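Enquirer: Given these sequences and hints, build the entire structure.
Just so you know, the sequence shown maps onto residues -24 to -1, 1 to 615 in mature numbering (1 follows the signal peptide of the UniProt record, and there is no 0).
Hints should not be assumed to be uniformly reliable.
Stated by the list, open to error - Straight-line alpha carbon distances no greater than 25 Å define the calculated SDA-like cross-link-like pairs of lysine to any residue that follow:
(1) K320 / F285
(2) K258 / L279
(3) K587 / Q176
Because the hints were derived from the structure by calculation, they are not lab data.
Bear in mind the structure is a predicted one, so any value in this text is a computation, not a measurement.
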Amino acid sequence: MHIFRLRRLVAFLGLWSIVTYALSIPQGHVDNKVLRDVTNIDANGEFEPVAVLLGNPATRGLQARAKPKTSAKPKPPPSATPSTSAKPSPSATPSTSSKPTSTPKATSTVKISASSTQGASASGAPKVSGTSKATNSTSPTGTAKGSNKPTNTPKPTGTPSSNPSPSPSPRPSPSPSPSPGPTPTPGSSVEFPKLSVPYQNEAHNLCLFYLDCPEDDEDDESSLERRRVYRDNHLLSKRRKVGPWNVPNHPKSGQLYKAPRDKNPKHILHFANNNLDNDAIKDDNDLTKIATSEYATEHILELQTMVMFNKELEKKDAKKWEPFWNDEFDKERDEAHVKGRPSKPSYFEEQEKKGTTPRRVKFSQIVFDAFGTTINLSNLLLLQKEINSFKERVWSFKDPMEEDKFKGAYEDASTGARPSSHYLSVIRMVFGVFNYMNTPIVSGNLRKINNDVKLELGNAGYVTKDAKLDLVTPWNPFLTAHFDELEKRSRDWLKNKIELVLVDLRAALTKYNTMLDELEKKEDAKQNKQIQKYKDDQAAKEKTLQAQHSQDESKVREVEQEIKDLKEKKNLSSSARDSEKLRLGKKLLKAMQTAGRTQRSIHELYSSSVKDIIKNLKKDETLLLAWQKRVPGLKMPRP
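Expert: Okay, here's the thing in structure tokens:
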């Protein structure tokens, strides 16, 4: 009986010591809320999460207090420190709430177990939040900060238990409570969107809106009229009916270097790359790298040169030259007589040796053979279509681009309706024509072609049986004057257009620099007391414009698909295809202009975007100034 009473007394004293010790541990501050999550630290120094609901509901939602000092030493526990045999589990850490009444009862939250000396947690033990530090707590023995273990409690030593507590699963950091952003005050900064305005450094394909680039299947037309290289009878007698000259065929671009011509030397000329600031021309020989449909079979000495020669002679003496050009030049004659002419180019003699000489019964046929036909392939090559189309215009003394088209392109660039690459590509193309003409294969073949043409022109007296007929003598000064004129006209056009563009561009720079100053003031909290409202208004405008731009881009893609579908239609006549291509080109340009203006309106909302616009305009200016310096030195080769 005495033993039984003694045991009860020991148990009561042990339990009383535990409760007294627990209530004596200093409490810590908690930021923002009463602790709900407390972390235990096991013998390995690892955090072990344990969930328990603590705290006084009346204190929840309080504003954060100042952070506690962690350097202060904890107060020593009362003298009623429990013996090590009844050491409480470290998990029995009291709430760090400032009110002791919030401390849970030991009987409901503390379980004494044999594992307590190894730092193992009781199932219902509280834990210290990983983001909250306990007040007045240090860790002189190397335990992690945040532990409320008293300093005089001996740290377990030796090898940990063979059955340590399992490692806790990673717990995400608690998300901060959502709260409205601070109201900007004068001097505080408000971030505005930074919408980049990319610079388009790639050249634009000019064949759709600006040039008439013939399709591959049109490239073998035998009529000068069909090729838009026809006689202009403006200076001829209107009483006489003048028809087109028919010229011998030449291989179209897809056939020029195919069997049986695949062994011939290949020359494929195009821009070295597609960068606006590079107008160099490359002479390539690898057909596998190109799509021949993007090239044209090129006559270095243009066929219309003979038409221009005709006009020049009739302008000087119509009475003398009109009968020849109208009645003799394209007249059909005896084949043997034509074949028996005294002077023959080497390509014709080679055909005779092979026995493959084509039927030639007109003086016009043997003259145009010298320019390049199926029997004279050595003077033909492949040239990028855009360069070819520009060369034809320059050659016939036309502006590289019509005035209204070019003006519309550079004015649209200033407003964002079109990229500046449109009008810059036009200027680049003219430089490209000069570079093309000065490549070794072209300048060399030009002289060779001219010699063959003069050789056949020298046969005029024999073929027409008019011994006094001399075409060679007027041909030489005509061709010299022709090259002088096309060189001068091209340089003058470049000089004039670059100057006009620079005036428009600098006006745009002034406009956007002024706009930038205004936007920067509105985006500065020191100068704009209603900056948050201003930002919200701009964001609302942007949202509306972005929705509109999305619709605009959809329309652009629709027209692009129509153009793609047109290329797949094989049953259309050339005239119908040309008409539809022109209609769709105009439709696409209109859709692109609408989308471009909307996008520019978006970019004009914020100073960062306007800075990009200014930067891009300056890039255009730099390129134009570099071109401007090169214009006086542009030269055409002479045949």
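Enquirer: What's the verdict on K587 and Q176, does the C-alpha distance respect the 25 Å limit or exceed it?
Expert: Holds: K587 and Q176 sit about 16 Å apart, inside 25 Å.
Enquirer: Holds or violated: K320 with F285, Cα cutoff 25 Å?
Expert: Distance of about 22 Å is within 25 Å: holds.
Enquirer: Does the structure keep K258 and L279 at a Cα separation of 25 Å or less?
Expert: holds, 24 Å
When held up to the earlier numbered hints, the structure conflicts with none and fits them all.
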